[in-house]
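*Asks:* Sequence:
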Amino acid sequence: MADAPPNSQPIRSININNLLSPPPRPEEIVHVDTYTDPDTNKDFMLWEDICFVFYNALYVRHKTRAISFMRGPDFNTLKPFRIAVIPGEVLDIVVGNPQETAPQQQQQHQP
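The sequence shown finishes on residue 111 if you use the working numbering, and the numbering steps up by one all the way, no holes.
Think of the hints as simulated: they come from the structure by calculation, not from any bench.
It is possible that part of the hints are untrue.
[Claimed, not checked] Each computed DSSO-like pair below joins lysine-lysine, with the alpha-carbon atoms no more than 27 Å apart:
1. K42 / K63
2. K63 / K79
3. K79 / K42
Can you build the whole structure from these sequences, using the hints too?
*Replies:* What follows is the structure in structure tokens.
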């Protein structure tokens, strides 16, 4: 991942029906922009950016751990929805089958 753009998180999609996670090949990886929260000083990526790349995204996974949206001190989900960055790792974006998710997701993500 030496050629990764600065301030980005590498991600790739894996299908919900095949959650095996072999090592990623370079052509599978997409980089999304990351940001730093001014209050916590933690880096994150926006769920909206993930859905822009993978319209049928369901959730984010790191190895066997599902990664939830970041939460504030009151444990409420922060908005806009944010996913913590894991430097040096490729995160899996679990996607649904296109025929099952396309119409619903496309309506939600149209500009």
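*Asks:* Run every hint past the structure and note whether it holds.
*Replies:* Consistency of the hints with the structure:
Under the criterion of a C-alpha separation no larger than 27 Å, the hint pairing K42 with K63 is consistent with the structure, at around 21 Å. Between K63 and K79, the direct Cα distance comes to roughly 25 Å. Compliance with the 27 Å bound is thereby established for this hinted pair. Proximity of K79 to K42 is assessed by CA-CA distance (about 15 Å); at most 27 Å being required, the pair is judged to hold.
Comparing the model with each earlier hint shows no violations; every hint is respected.
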